[in-house]
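A.B. asks: Please put together the full structure from these sequences, using the hints given.
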Amino acid sequence: MTITPARPDIRPTPTKPTGPVMGQPLDRRDGVPKTTGTAHFSAEYDLPELAYAALVHASISRGTITAIDTTAAFAHDGVIDVITHLNAPKLKSPPKTLNPLDLSTMAAGSTISFLNTDQVFVDGQPIAVVVADTLEAAAYAASLVKVDYVPLPVSVDFDAAMPAAKPAKGLPVGPPLGGHTGDAKAAFAAAAVTVDLQLSTPQHNHNALEPHATTAVWDNDRLTVYEGSQNIEWTQKYLAKRFKVPATHVRVVSQYVGGAFGGKTQVWAGTLIACIAAKVTGRPVCLALTREGVNRTVGARTATRQRVAIGADSSGRMTALIHTAITRTGKVGGGPEHVTACAHDLYDVPNILAQQRTVELDLMPNTFMRAPGESTGSFGIESAVDELAISLGMDPLEVRLMNQPDDRSPIGHKPYSHRRLATALRRGADLFGWSQRPAGGTQDGNEFVGWGVACAIHPVIRMIANVELQLDNGQATLRSAFHEMGMGSATAVAQMVADGLQIPYADVAIEYGDSALPNGPGAGGSAQTASLAASIERACEQARKRIGDGETSFSVKIGADSGARSVPGQLRMMKHMALDERRLKKAATGAHFCEVRVDADTGEVRVTRWVASFDIGRVINAKTAASQLRGGIVMGLGLALTEQTLIDSRTGRIMNAGLGDYHVPVHADVPRIEIDMLDDPDPAMPMGVVGAGEVSIVGVGAAVANAVRHATGTRVLDLPITLDKVLPRRG
Amino acid sequence: MTLRPNSRLSLNFTLNDSDLSLDIEARSSLLDMLRQQLRLTGTKKGCNQGACGACTVLVDGARVLACLTLAAQVDGRLVTTIEGIGTPDSLHPLQQAFITTDGFQCGYCTSGQICSAVGMLTEYASGTPSAVSEHLAASSTLSPAEIRERMSGNICRCGAYNGIIEAITSTAGASQ
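Heads up: the sequence lines are chains E and W, in that order.
The numbers in the first sequence follow the numbering used here, run straight up by one, and end at 731.
The numbers in the second sequence follow the numbering used here, run straight up by one, and end at 176.
Looking from chain E toward chain W, a few residues come up when the C-beta cut is under 7 Å (computed):
{"id": "1", "residue": "LYS34"}
{"id": "2", "residue": "THR36"}
{"id": "3", "residue": "ARG630"}
{"id": "4", "residue": "VAL634"}
One side of the interface only, derived from the structure: several residues of chain E facing chain W at Cβ under 10 Å:
{"id": "5", "residue": "THR35"}
{"id": "6", "residue": "HIS40"}
{"id": "7", "residue": "ALA137"}
{"id": "8", "residue": "LEU659"}
If you're looking for bench data, these hints aren't it; they were derived computationally from the structure.
Backbone N, C-alpha and C define an ideal beta-carbon position, used for all residues, glycine too.
C.D. replies: In C-alpha cells, the structure reads:
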C-alpha cells in the first residue's frame, strides 16, 4: 500500500485583505501545510530507490583510528554499503582560510576532512556511515561497526585552559571584539561607586526541533540536496568545492526548515556525508541525524567567562566600564564571539575598555547561535548595571535611562541612525507598571516575588539579496533563494511586494528556498528582511515605471548576480554596505521587564510575568514579528534558568546530548509574554526595516537574574540560575 | 519464539480512515513505520527518545509517543495521525486556530502539538487530573495553567507557546 503525500502547497491562508498590507497581522502563508502535516521537511522527500544512512560516531576526543571492522555491519540484511576513510572517495580539502570576498569560505563548520582521515579530532566525530534499504537496518548495522583507536591526550577543560588564552582576532566583517575610549582603568580606580563582577555562562546547543537532515541525489556529476538550511548559497558553493563540480551543478532545496537559530548556518558533517553516501551507492540517500548526533556533530554557543567592572559618580552617571571576556573555539574551527560588543553601545560612558581572549580546545567548534555575543555579554553588563543601581540606592530603570547616549556612540562618536532605547524602556515600564515596584522584593505566601529589568541591543547587519520580480497581467511572482525557518519570511516578503506594486496581496506569489532561484541573503544576523527589502524596493520601483509605460508582462532582476554572477557586482554591493556601516550606527533595541516567584523552600524560580518593548524599525507583519520576538524571549528563559551543555572535563564528551537532560523551556515554563513594538521606521534602512530575529534574546538572562536578586537578595553570577545557586544565600 | 534483529511480522490496524494489513520489521517503531514504510510524514521525529512530543499520535483516542511505541503494539487498534485530524481542504478547528493565533513558527512540532491537544482535551473532559488540578472533577473551564501543565510534553523550540495556549483555549471554549 502506498500513500502519496500531498505536494507542498504554499498559498495565502483564507485572509484576503484588500488595500495596503504592510504592518497588518496577516496569517502565515504556510499555515495550512504546517498544521496539516503536509509540509515536507528535508528527510521527507519520497524518492524512488531512496536509501537510509546512519553515522558511526567516534568514542574518543582525539587520536588515530587503527582499525575499523565493518564485516558484521556489511553482513546485516538490507545493508548496501559501509563507508569509512578506508574506502571513501577523496574529496578536495575544506577551505582553511576565510576569503572576505567569498563568505562561503566560512561555510565549513570545521576543518575536519570527514571520512578522508584516520584522525579523530572531537568526541562524536562521524568516522563511518552505513547505508541500507531501511533506517532500522542502517541504525542497527552502525552499532555493529568495531573501531580500534590509539588515543592522544586532549585539552577539553575550558577553565583549566584559561591561562593559555590568547587575544581574540576579529573577522574582516561583523561586530567588534574589543575597543576602548578614554582610560577605563584609571577612571574605575577613581570612581565614587564601583561594582566588579566575575560571571560565567555555559555552552548552549541550538536543539532546533528538526534534527539536521539531508537527502542527497546524484545524477552523474549533478547533485541535488534537500537540506534545511539558513544559508543555501554557502551550502551550494561549499559542496561544489568539496566534490570538485561547478556550483551550477549543485542544487540546494530548502523549502521547510524545522528551526535553526544559527545551527543550520554552516555546513556540518551530516550534509557532506549524505552526499558521499549517495555518490558511492548511486542511490538517493536520506541521512537524518539522531538527536544525540545533532549535539555531537553540530557546533554550539561557546561558554564564556566575563568580568564587568563599572564605576559611577554618586549621582549615578557612569564614568568607567570594563568588560573582558574569554570564549573558546575548537582546534578544528570556530571563531571568537563578540561577547563584549554590548559595551560599545549600551551606555554613554566616557571611559570604556572591552577586551576578549580565546582558548582552543579539542571540542566541536563553536558556531553562531541566536545573538552570538550579545545574548551572553548582555548577561554580564546588565547584571552589573543592576548591582550598580543597588549600590547607589537607585531604581535600576533610572540608572539605565540616565546613562543613555543621546545621539552618538560612546566609542568613535558616530551618529546613531535612529536610537529609541530610552523610548522602549519608558514604554515597557509603563505597560509593566514598573512605577509600583517596591524597593525590596516582597513575599507572597511561600514565594519571594521580585521584578527585573534589562536592556537589549543588536546591531544591524545587511547582506546581498538578489531578486527577480515577474509581472504577468497584474499577477506578481517574487523569486529569491531566501530562507523560511519560521520567521514568516515569505509572508512578510509578499506584503512588501503587494504594497510596493500597489496590487492585492492575493495576487502575489513567492518562490524561495531553492538555489535555482537568484541568490538570497543568508538568514542570520537578523539581516534577511531588511536585506530583501532593499532589493524589493528597487524591483518594485522599476516595475511600477514599466507598468506606467504600458507593459503588462515582464521581469525585473535586481542584484549582483542578475547578469553573470559577477565578482565586481558583489564587490560593489559589499562596498556600499561597508561605507554605510562606517557612517552610521544602526541597531535594534529593546527593554525587558519581568516578575519572578521563587519558592522559599526549594529555590525554584518561576517566571510569572513578562513585558518587553522593542524598536525593530518598521513592522512588516505585526503577528509574525511579535511571535519571533516572543520566541527569542522563550529561548532566553532557557538561557536564564535551565540550558547548559555539560562537558566531561576529562574526555570532552557531552554528557547531556539529548532533550531529556538538556532542558529547553516547555509550556509550563512560559508565561504570557506581552510584546510592544514601537513600529517606528528607521530612516536609514530600506523600507525602515531593522530586523527582529535576535534582539529579543539579548538581556533576558540578566532580566531574570535581576528579578531573582530583587526577590531573594541573591545575585547569581553563573548561568543557568538553578535551585542550588538560589537557595544557600536566600532571604 | 526468538526474534532476530530483522524478524518480520504481520500487522492489522486502522490508520485514520483505512484498514491496513502490513508486513513489517518487528523492530520498527510506530513512528518509523508511519514515516518510512507508509511515507506518512506529518508525524515528526524530533528526538526519538520520548522527550520532545513531536511524534505524538492518538491510539484509540489516547495520545502516545510514536517513537516509544513499537509498531507491533498497535495491532488491532485505531491510530490517528495529523493527516486524520484534518486536511488542507477541511481543517480541524484546532488547525485553523493554530493558524489564527500563530501557534507555530517552523512548524516541526505542530503536528504533535495538535494531536496532543486533541488527546489532552479528551483526557480533561474525562476527568483525568493533572499535577496542577485543584479538584478531581473537571471544571467547565480549562485554565491556561491546566493547559500548560498538560501540554508540557510537547516542546516548541521556536517558542510559540503563547499562540498554542491561545489556540487551544479558543477551540476548547468554542466547543463547550
